[in-house]
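S.K.: Here's the letter readout for the chains.
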Amino acid sequence: MNTAVIIENTLQALYTGLILGSLYGLMCVGLALIFSVMRVINFAQGEFLMLGMYAAFFAFTQAGIAAILGPYAGPVVAALIAGAVVFVVGVVLYELLLRRVTGLEVAGAEGEGHYPQLTLTLGLSLMLSNGGLILFGSMPETLRTPMSSNAWELGPLFGLDVTLYLNQARTVAAVVALCVAGAMAVFIARARIGKMLRAAADNPEAATYMGIHVGRQHRLAFAIGAAITAIAGGLVASYYPFQPYIGIEFVIVMYAGVVLGGMGSVGGAFWGGLAIGLVQQLSTLVLPQQLQNAAIFVAFLLIILLRPQGLFGRNVERV
Amino acid sequence: MSNASSNRMAPNDAGAARRDAATSAGSAESAAELKRTVSIIAAGVVLYLGATWLISDRYYQLMFTIIPIWATVGVAWNIFSGYSGLMSFGHAAFFGIGAYTVALLLVNLGISPWFGIVAAGLAGAVAGVVIGFPTFRLRGHYFALAMLAYPLALLYVFEWLGYQEVALPMNREAPAAYMQFADQRVYVLLAVILLVIALAANLAVARSRFGLSLLAIKQNEPAAMGAGINPRAWKLRAITLSAALTSMAGGLYAVVLLIVTPPTVFGMLASAQALIVTLFGGIATIFGPVLGALILVPLGETLHAELGNRLPGIQGVVYGAAIIAVVLMAPEGILPRLARHWGRDRAAAGGAPLTLDAAPYVRPPPPPAAIEAKTLLDVRGVAVRFGGLQALQNVAFAVRAGEILGIIGPNGAGKTTLFNALNGFISTASGSVKFEDQELAGQPPFAVCRAGVGRTFQIVRPFARLSVLHNVVVGAFPVEPDDAHAYGRAREAIRRVGLAGREGRIASTLTTVELRLMELARALAARPRLLLLDEILAGLGSTEIEHVLKVIDGIRREGVTVVVIEHTMHAMVRLADRLLVLDHGVVLAEGEPKAVTSNPAVIEAYLGKRWVARADG
Amino acid sequence: MLTVENAHVSYGGSRALDGAELTVGASEFVAIVGPNGAGKTTLFRAISGTVPLESGRVLYDGRDLASVAAHDRPALGIAHVPEGRQVFPSLSVYENLEMGAQSAEARRDWKATEELVFTLFPRLAERRTQAAGTLSGGEQQMVAIARGLASKPRLLMLDEPSMGLAPAIADQIFECVERIHRERSLAILLVEQRVAEAIEACDRGYVLESGRIVLEGTHDSLMRDARVKKAYLGL
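Protein chains in written order, with my numbering: chain R, 1 to 319; chain L, 1001 to 1617; chain B, 2001 to 2235.
Bound conformation, chain R alone:
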């Protein structure tokens, strides 16, 4: 009995870890994109996640997506719509605020130049999370669909009493996340705009000599980064209850993932997020519930202190 239970728990944790990891990975991609191009640590990224959740929720419940597309395709489309909405929000925020503290001049300064950005995004985080509290209230919401409480059964496996329960909403969310992450990867690698973003990230001055408007690239990176994380939020909303302060719960996961993957590497961030997801779920096997989050922090601190360049550590210093 014991072996079967252990195997079942481990496999379940592994599965959940991969599922959550895919979602974390997508969130991290958004944050990493913003950092690699703009060299901005966006403290408000958790709030973009939150905005994505609410946007998806409203799209699904109020804007009729549920009615039109039903409870299976609905949440997915709602998440994508949320991405579009937050994209626009990102553009607006960039034009109003970020533009004044980023750009060609600041992107080059590694030293003191980044404090204004950090502080600004901190203020933004406070405004968005508390503004959300005012607008949306503090009652947790979920995008509940039949899939949220149904699970596919996989088992018995290995001829033992080992059955895996694959929550439908989560699984679908993870699959969509993987698709979006894949699409981003292709976009960055192949699309002309993707290459321009990479060029602006590598060397803003040289990019200017090519005729690339670095400010515009920053704006695009910020908006896309926000949108990607928002899509992840919209997907998470389909199985996890959320309220306006939820950003803070995930922000450390995002940072841990990005740092683990190597700051400056967008692809690495995805793997970093995935790894964090796995670590978090596997740790449930040995650690009590409340200590899980603390475990992530400790892991994060260890990574920063011992190996700040992460796994795929790109040289964050500019050419």
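Honestly, the hints are just simulated from the structure, not real lab data. You can take every hint at face value.
Listed below are the simulated DMTMM-like cross-link pairs for lysine to aspartate or glutamate, each with C-alpha atoms no more than 20 Å apart in a straight line:
id	chain 1	residue 1	chain 2	residue 2
1	L	Lys1594	L	Asp1577
2	B	Lys2230	L	Asp1577
3	L	Lys1609	B	Glu2178
4	B	Lys2230	L	Glu1604
5	B	Lys2230	B	Glu2216
6	L	Lys1609	B	Asp2220
7	B	Lys2229	B	Glu2216
8	L	Lys1609	B	Glu2200
9	L	Lys1374	L	Glu1592
For chain R, the structure is supplied; the task is to place chains L and B on it using the hints.
M.R.: Relative to chain R, chains L and B alone:
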């Protein structure tokens, strides 16, 4: 005119000490300023406590208590982040540790908060060292993220430990012994006392070598190291003091609120409040955090009280908006912004710029007897490697006492690398650097400075708001433990570069050449026997160049040996007694300027092989 | 085609350009030589617009460029090959070249550009999918120059292309530059520390020292002028 004064022999120590012993902080203006600040604090305290006395509403009494507590946290944050430039986004870690120390000591061990708060201060200090030690190795973004993570990690740990809500028990028998007072106004008094302690600490730090060293580190850390400052040590001292004060504030907070929960004391809002209060009011100023707390805390609390029901979270929105507004419009905070606005008249009357001695510099005749000048610096076989690239290879030369040696060479030859190796900023793969028979290779930059080797840097970043004297004295502190003597040395250095009489000028009013001379004075304040000048003439106009050449010659005549890196060749060939040519990391030639500049190998290095070939053919 | 009038640039009190002036005519090969710290890179930055002018003007085809943002200047036909190559290290050779062709016209002529570049620099053809950051210094220089050509410029500005390269490779690069000038009849503005090579190849040359033009002439007159050496070595 400036030549005459710089040629005077440096006065002896005792005389300087006697002259300066009268003014403890180094100058009459500083003592007056101190008196003014203290009287403002005293007046403020009286006013505030008087106003408190008149308030009978418990709610407002509580607010009057909270304001000085956050002001204390702000002042404490300022002591570390404001002066060092390392923004801590995680001061809530110390705040929470202090709160829980007091709460748990009372709940579990029955220890009165009177002792508990002191214990909180100690706990905070320890936490400061424990957190600071590993985290200071990190640069920029990583530092910010790590500091952010500490309080949040503690938040979860404390929740896991079961301390979701720790209530401070009432004590019926001897409430006062347990810091429990029926009259809320007593807490205001306690909070104000704590704030005054914090302000006193801030004052002690601000104009002292503590604050000035931190500022130097903030402005240009490598330059500070080259001036003999040990950044790690100062940062640790700063964070320890800051953390202790913050923890004490947290402890008092626990006593006042009677309940401690992890999100309240370890949460993001607490960290944000610590920094917004100072950012808003004014970074690296004494009263900035107080002003910030006076404005923001009542604003936040009132909004929360009035609108909290209809608009929960309005406090956070306002704080967030305040942070954004400050960053975009007044990055240094309100007080400095206002000061600049009003102080503009004062600055305009900064005084006439330095009269430059524009007569072309003529190299003085060589000293009469062929003195066997001893070798001051002996460099042998120095090699430096960056990854696969050999930046310096088998570099060897000797610097004779009393000479001016110029190091020249085409772009990328390794000149700055050589200076950095001599100074200790980069390690040598092999070779030795003997200064007065003391091996310098392998020593950190501040040790090299204390051994008697001074250095100037290309990027001059002065303390814009401070006087010339304060800018220069930073160079004297590492080698002079006594403050009065240090200020004496600073004045002497200022005289030697010809800026006598300008000690009180604010640095932002100086011209470029005056700033260069001030930088030179800072290096001289440590009384180096060897001075490394890194492109001190870069970007100066021709009359400015002539003036500075004479100042350098004057310094040499006082017995300082000078090694110069310069690109301004027409000046170099007149200034240097000898030239050393580096090319591709190797010593190409050495000798008198005329000989070196006609050396075909040197010409080839600069102008290319084909030039030499053509010129012959 | 290009005129710089009385350019003054300061970096926080330090004067980098102190009234520099020069002209480049269409299809001319103009060289700028001068010692370190003379302000050569600053001059290029001023022309490209990544550094603001304190006073003075940059005129291109008679038009004052002050109203043209830095990222819009390449579209006018100004290509800047920066000092130190400055390739995009994480992009492949091919992608680096693609980044050079931003304007609609440049993208239309991409096929022709591809052919030109890979004929001029066969090494790059072999390495087209390699990440530019892993190339040798000489190869990176080729990428940087090719990238500049991809924008179909009328003025090609090269900032010290030979810096940090072994002499043999630097010679190769030089030959390519001369070949480009001959075959494409672009205007070339070249900054170099290798004086003889630069002056030999040019139609006209300037010597920049301490932010100011101290000498000007044709390649004949400069080759023999002792003041060139004085600008570099002070004596």
